[in-house]
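Asks: When you get a sec, could you build the whole thing from the sequences and use the hints?
Note that the protein sequences, when read in sequence, are chains A and B.
Quick note on this note's numbering: the first sequence kicks off at 1 and runs consecutively.
Quick note on this note's numbering: the second sequence kicks off at 1 and runs consecutively.
By construction, these hints were calculated from the structure, which means they are not laboratory data.
Here the structure is a predicted model, which means the values were calculated and not measured.
Note that the Cβ used here is the ideal one computed from N, Cα and C, for glycine as well.
Do not take every clue at face value.
Label pairs and their computed distance ranges (CB to CB) [as the list claims (entries may be wrong)]:
#: 1; chain 1: B; residue 1: ALA117; chain 2: A; residue 2: LYS234; range: 52 to 62 Å
#: 2; chain 1: B; residue 1: GLU26; chain 2: A; residue 2: GLN376; range: 50 to 60 Å
#: 3; chain 1: A; residue 1: GLN393; chain 2: B; residue 2: ASN36; range: 35 to 45 Å
#: 4; chain 1: B; residue 1: ALA117; chain 2: A; residue 2: LEU51; range: 41 to 51 Å
Pairs of lysine-lysine residues, derived as DSS-like cross-links and limited to a Cα-Cα distance of at most 30 Å, are as follows [as the list claims (entries may be wrong)]:
#: 5; chain 1: B; residue 1: LYS122; chain 2: B; residue 2: LYS14
#: 6; chain 1: B; residue 1: LYS192; chain 2: B; residue 2: LYS151
#: 7; chain 1: B; residue 1: LYS226; chain 2: B; residue 2: LYS122
#: 8; chain 1: A; residue 1: LYS426; chain 2: B; residue 2: LYS136
#: 9; chain 1: B; residue 1: LYS128; chain 2: A; residue 2: LYS396
#: 10; chain 1: A; residue 1: LYS396; chain 2: B; residue 2: LYS151
#: 11; chain 1: A; residue 1: LYS396; chain 2: B; residue 2: LYS136
#: 12; chain 1: B; residue 1: LYS110; chain 2: A; residue 2: LYS396
#: 13; chain 1: A; residue 1: LYS426; chain 2: B; residue 2: LYS110
#: 14; chain 1: B; residue 1: LYS108; chain 2: B; residue 2: LYS165
#: 15; chain 1: B; residue 1: LYS108; chain 2: A; residue 2: LYS426
#: 16; chain 1: A; residue 1: LYS417; chain 2: B; residue 2: LYS136
#: 17; chain 1: B; residue 1: LYS165; chain 2: A; residue 2: LYS396
#: 18; chain 1: B; residue 1: LYS190; chain 2: A; residue 2: LYS426
#: 19; chain 1: B; residue 1: LYS226; chain 2: B; residue 2: LYS14
#: 20; chain 1: B; residue 1: LYS122; chain 2: A; residue 2: LYS396
#: 21; chain 1: B; residue 1: LYS122; chain 2: A; residue 2: LYS417
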Amino acid sequence: MSIEQSYVELYKEHQADLKKPCSDLLNAGRDEAFARFESLGFPTTHNEDYLYTDLGVPFSIDYGLNLNRLYIPVAFRCDVPSINAYLYYVVNDSFYVTQEQPVLPEGVIICGLNEAAQKYPELVAKYYNRQAGRDKAATVAFNEAFVQDGFFMYVPKGVVLPQPVQLVDIMRSDVDFMANSRNLVIIEEGASAQLLECAHTQDPVQFLCNRVTEVFVCENGSFEYYALENTHNKTTNIGSLLVKQEASSNVLINTVTLHNGLTRNNIRVDLDGANAEILLCGMAIGDKNQQIDNFTQINHNTHHCRSHELFKYVLDDSAIGAFAGRIYVAPGAQKTEALMTNKNLCATPTAKMKAKPQLEIYADDVKCSHGATVGQLDEAALFYMRSRGISVQEAKLLLKFAFAADVIENIRIDALKDRIHLLVEKRFRGELSKCAGCVICQ
Amino acid sequence: MLTIKNLHANINGKEILRGINLQVNEGEIHAIMGPNGSGKSTLSAVLTGNPLFTVTEGEVLFNDKNLLDLAPEDRSREGIFLSFQYPVEIPGVSMTNFMRSAINEHRKYKDLDPISASDFLKLMREKKDLVELDNKLASRSVNEGFSGGEKKRNEIFQMAMLDPKLSILDETDSGLDIDALRIVANGVNKLKTDHNACIVITHYQRLLDYIKPDIVHVLYKGQIVKTAGPELALELEERGYDWIKQEVDAR
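Replies: In structure tokens:
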């Protein structure tokens, strides 16, 4: 039986269970999505966009799924000493209702996706799957077929959230486990918000998380999204971040892969309105046999939009990194500015990096650039530092830290920036080798 | 303080040093001169443990310790300092972090606690004035975007911060205009005591007008072929190296 076939059986057998606790909205596209997945199959290395990451392999493990929405208790203390934030949890794929929910400005809604779809069907229907529907990835179709809950955030017209929202995702299970969680973020006209999402794993089992996050930023809206992954080596994390930007909107995305197992991030940004601006950055730190594959696609669908992209990888031991930066400039998208930089450091001869910038330009009055480098630690700099009494370990640490610094500099929440600085330093010192709860909050 | 006996070293199998013998005592300033390619910079690289060079024979004692057994960082902690001919740029590493790491590792080696923030800033300020480096130095990346003169002054600044027993100045005068040369030389002279020593490697007599050596050596084809007082430097300035080459080649 093929890997796909086992999921076909699962879906056939359990589709009633899947649908029962869910709103009509989440159920509406399920069968069609599953059919789409069935015809696509899991992407393997035969697929041009998955040359370095075979997703058939992690899906072949026999995972448990929580189709009947059993309550899974967690003991996860997460008080944030330095970041004042509205704090929420998603456990596996369920929005976790804590005793005290933060008090939000009027009109702002933050709750579970299934709850939102039941309480505010018109609002959710206007956005749900509208951006994901443009994506042809099998993992997105798979998510749509199995989705049951996730995180919902709505910031109405003109509202500026006075403090960041922090979403803590925890994978928690006693058996090997899969979750297909779904996030939906809506930033209306002129609204502004910051979201920090930290992904963690709590138990020493094999996890697979296939998460789809749809983000809509309407005209003049502003959104900052910081995604921090700190999961253990037995985790497969497949993230699809699908962003739609209207005119004059401003978005910052910063993904930090601090510790992981196998990670594939698909980030797609559609610049659909003139003067939209995106700064997309990412940092990945890998060692042992960790693998981090960021696949980014920025679509300049209209004129006068700007995109800046900066990704940096620091790879140690036998870690594997992959980066694809695809930029599409549509016919008529004049005065586009698209700048992409990808710099990578392989600290050992066995670490591997695959970098692939891809520009498709169909307009003639544009400014586009791309640059990708793969290098080693600078031997001359290392000797220079050692000659001043700095040990090899410390010198390497300083160099790695310096290399990653400009990605951290792009974090606009000061308390978070300090925190990430510290975490990255700890990571390079090898003090973060296993996930012991929420490191953001320790 | 430093005793070099029959030191041989090569790079990629090519022998550069062919039996160096040298004795440096506390309070002395030695100048090592010589034509291009004679092995001057190799000597400084070997003394500081540059991994590009391989020592094939000989012995180096530094305060009775076998220097060649020590890692580069331990040589520094024992009190050896090299002012690089070409200081290395390290983008992203601030001078402050760089210097604090160095100072603290030196202190750790001596079983001392890390330096306090205020003491460190005071020390930086004090030593920076010595070589007339500006206040923005602390936040700048190590040597990045520094002019040639600033880089050399930065080397002497680091020397002042680390307070070495033996300083090796490798062509510190190269690329310096006359004002920068004066500032650098003044810095070196102010740091000189009866308990430390200095090896000045140079091509030209010019620097030796400012830093007065006690002993002058001529290095040629990987060996010290002549040793005399400061008057030798003046003679070389006047007559060049050819007469020495002829003398040696005739042997």
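Asks: Hint by hint, say whether it matches the structure.
Replies: Hint-by-hint comparison with the structure:
1. ALA117/B <-> LYS234/A: 52 to 62 Å: 42 Å, violated
2. GLU26/B <-> GLN376/A: 50 to 60 Å: 41 Å, violated
3. GLN393/A <-> ASN36/B: 35 to 45 Å: 37 Å, holds
4. ALA117/B <-> LEU51/A: 41 to 51 Å: For LEU51/A against ALA117/B, whose Cβ atoms are near 49 Å apart, the range 41 to 51 Å holds.
5. LYS122/B <-> LYS14/B: 46 Å, violated
6. LYS192/B <-> LYS151/B: Within the cut-off at roughly 21 Å; holds.
7. LYS226/B <-> LYS122/B: Violated, at roughly 44 Å.
8. LYS426/A <-> LYS136/B: 28 Å, holds
9. LYS128/B <-> LYS396/A: Roughly 26 Å separates the two Cα atoms, so the pair holds.
10. LYS396/A <-> LYS151/B: Holds, because 22 Å separates the two Cα atoms, which is no more than 30 Å.
11. LYS396/A <-> LYS136/B: 25 Å, holds
12. LYS110/B <-> LYS396/A: Holds, at roughly 23 Å.
13. LYS426/A <-> LYS110/B: Roughly 25 Å separates the two Cα atoms, so the pair holds.
14. LYS108/B <-> LYS165/B: 18 Å, holds
15. LYS108/B <-> LYS426/A: Cα-Cα ~20 Å, so holds.
16. LYS417/A <-> LYS136/B: Judged against 30 Å, a Cα distance of about 23 Å means the pair holds.
17. LYS165/B <-> LYS396/A: 27 Å, holds
18. LYS190/B <-> LYS426/A: Violated: LYS190/B and LYS426/A sit about 41 Å apart, past 30 Å.
19. LYS226/B <-> LYS14/B: 23 Å, holds
20. LYS122/B <-> LYS396/A: 27 Å, holds
21. LYS122/B <-> LYS417/A: Holds: LYS122/B and LYS417/A sit about 28 Å apart, inside 30 Å.
In terms of the numbered hints stated before, the structure departs from hints 1, 2, 5, 7 and 18, listed from lowest to highest.
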